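**Q** Sequence:
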Amino acid sequence: MIKFLKNLSPTVIVLFALSIISFYWMQQSQKLESKIATLKENFTQERLAIANAHKIELQRQSALNDELTHQLIEKQNQITEQLQQLESVIDDATKKDGVTYNGIGADSLCVYKRAHGYDCK
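My numbering puts the first residue of the sequence shown at 1, with every later residue one more than the last.
Calculated from the structure, these hints are not laboratory results.
Remember, predicted model here, so these are calculated numbers, not experimental data.
No false leads were mixed into what you were given.
No farther apart than 27 Å at their CA atoms in a straight line, the calculated lysine-lysine pairs in the DSSO-like style are these:
#1 LYS113 - LYS96
#2 LYS121 - LYS95
#3 LYS55 - LYS40
#4 LYS95 - LYS113
Make a model of the complete structure from these sequences and hints.
**A** Written as structure tokens, this is what we have:
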């Protein structure tokens, strides 16, 4: 091989060396491009997985929000109904009160105690 190289002109040797170097770098470039493509694909898949996880979490939060909103509306309706009942009972009690002191009679006081969770015995 060395005798073969001695018989070649320096220009041919340089061209031969450059072609070998070029071939080597072309292979390295292809390997790097393959790695880059793999990394890009992995990155895309990870982003998609994160986006899907985020979407699922948003759906869960939305469902929880809907449930809590429903519970709040039910509780508000219960309180409104209790308030209306209490106002009706207060009106009835004040009409039925006999002798009162400062506008509060026995029936009114009983309604007041019940409204605060106490027994009116």
